[in-house]
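K.L.:
Can you build the whole structure from these sequences, using the hints too?
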Amino acid sequence: MILTPKELFERQSEFTVIDVRPKSQQNEFPMDGIDAIISKEGLIQKIEGKKVLVCQFGIVTEGMIIEQNLKDTFSLLGGAQAWIEFQSEKEDLSQWSRQTVLPEFGLEGQKKLLNASVAIVGLGGLGCPVSQSLVAAGIGKLILIDGDHVELSNLHRQPLHGMNDIGKKKVHSAKKSLTHINSITHIECVEDYIDESNGLGIIQKCDIVIDATDNIQTRQLIDQISKQSNVPMIYGGLYRWEGQVAVLNVNGSPGYKELFPDPPSGEETCADAGVLGMLPGIIGNIQALEAIKIIVGIKPDLMGKLLIYDGKNHSTQIINI
Amino acid sequence: MIKIKVKCFSQVKYALGVDEFVIELNAGTSASELEQKIRSEAGGKLDGISLRIAVNQKYMPNNIELNDGDEVAFIPPVQGG
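Residue numbers (our numbering), protein chains in the order written: chain A, 2 to 322; chain B, -11 to 69.
Worth double-checking, as some hints may not be accurate.
Stated by the list, open to error - Here are the in silico distance ranges between beta carbons for each label pair:
1) Lys258/A - Ala15/B: 29 to 35 Å
2) Ser28/B - Asn252/A: 23 to 29 Å
3) Asp35/B - Met164/A: 37 to 43 Å
4) His187/A - Asp35/B: 43 to 49 Å
Stated by the list, open to error - Derived contacts from chain A toward chain B, CB cut-off under 7 Å, selection only:
5) Leu127
6) Gln205
7) Cys207
8) Asp208
9) Asn216
10) Leu277
11) Met304
12) Leu308
13) Tyr310
14) Thr317
15) Ile320
These are calculated hints, taken from the structure and not from any lab test. Quantities reported herein were computed from a predicted structural model and do not represent experimental measurements. Note that the Cβ used here is the ideal one computed from N, Cα and C, for glycine as well.
P.N.:
The following block contains the structure:
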């Protein structure tokens, strides 16, 4: 069983709090605002009533409770790290403890994510997994842009939309599903296709624009706006078993025009060429991963590069643009 | 003669029916001359489709001269999403 820092704060009189961390960690990261007793051999089993165990990140204690079959015992989600943050900022970030424990990410990364806004152009095969992962990760704001309606043939690869959504605008159907995942994210819907009249106004308000469209003309338009507004663009594209991802226009790094300079010609869409739902799931999640790296301040490895993934044999190729 | 490894992506893969192959060319052959061979091999299936050329995993101008042992990739833009 787990307890969040907020729950512990509100109900602390119900629990005995036991700090199981090594002494050096207790000294370095003291848990102010709560009376915690220091764990000793056999102590936990002797204490009656409800107990909360605290380790540094809330992972060790979850394991202890299961392994030792401890009754009436809770693990503090996010551990001392989340408690200290809650005490100082009155903000409970324990929901994301499994990502804040990553040294490159940390609480600072989570705060950056909670303050970031991302525009997603297209709520189809790629837009569904991108938005789903960003919302679950705790992105602050999403602007969803798509004028399309949900069709039966979309459902195999667009899991934010269901049978009851057929005929509805994709942005509204997606927003409804995303709100179930995490209501913290502020979601704005633009129920139109992006064009020259509305694009700049939307994208320049964001930290990143995700290209999850299904046609080259729109990719070229997003590229122009991304360059003009200096908002990085994360490109994803699909052809049958293959997917492409590139991080474009980061402070003057190559854009879509440098990636594919020619005007669109006879290329096929997913509807023409066919696609399994798992491929946009993989490619969309790589786009979301690169977006999070930029927001948190980790160098996006696909900046100035084109990743090509083949779902048939799982080979990847990275091309320097 | 020089030996070149050709890697095919997206429509190129389907047009030629292979992921990759090795081809022997005259020394001094350019990437665009190799592209013409690929297009004629595809028998019209690549007509109207623009291709980017990467040599040894790096985008290169089409007129670059190929060297023995080079890996040449032909990459079309893709629409789907």
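K.L.:
Hint by hint, say whether it matches the structure.
P.N.:
We went through each hint and held it up to the structure:
1. Separated by about 34 Å at the C-beta atoms, Lys258/A and Ala15/B satisfy the suggested range of 29 to 35 Å.
2. Hint check: Ser28/B to Asn252/A, Cβ distance near 42 Å, so the stated range 23 to 29 Å is violated.
3. In this structure the hint that Asp35/B and Met164/A lie 37 to 43 Å apart at CB holds, the actual value being about 41 Å.
4. For His187/A and Asp35/B, the hinted distance range of 43 to 49 Å is satisfied, since their beta carbons lie about 47 Å from each other.
5. For Leu127/A, the interface hint holds, since its Cβ comes within 7 Å of a Cβ in chain B; the closest pair sits about 5 Å apart.
6. At about 22 Å, the closest approach between the beta carbon of Gln205/A and any beta carbon in chain B exceeds 7 Å, and the interface hint on this residue is violated.
7. Interface restraint check for Cys207/A: the shortest CB-CB distance to chain B comes to about 19 Å, outside 7 Å, so the restraint is violated.
8. For the restraint placing Asp208/A at the interface with chain B, the shortest Cβ-Cβ distance is roughly 21 Å, beyond the 7 Å limit, so the hint is violated.
9. The closest approach between the C-beta of Asn216/A and any C-beta of chain B is roughly 6 Å, which is under the 7 Å cut-off, so the hint is satisfied.
10. For Leu277/A, the interface hint is violated, since its Cβ never comes within 7 Å of a Cβ in chain B; the closest pair sits about 12 Å apart.
11. Because the smallest distance between the Cβ of Met304/A and any Cβ of chain B comes to about 14 Å, over 7 Å, the interface hint for this residue is violated.
12. Interface hint at Leu308/A: violated, since its Cβ lies 11 Å from the closest Cβ of chain B, which is beyond the 7 Å cut-off.
13. A least Cβ separation of about 11 Å between Tyr310/A and chain B goes past the 7 Å threshold, and the interface hint is therefore violated.
14. Restraint check, Thr317/A versus chain B: the minimum CB separation of about 11 Å is more than 7 Å; hint violated.
15. Among the interface hints, the one on Ile320/A holds; its C-beta lies about 5 Å from the nearest C-beta in chain B, closer than the 7 Å criterion.
In this structure, the hints that do not hold are numbers 2, 6, 7, 8, 10, 11, 12, 13 and 14, in rising order.
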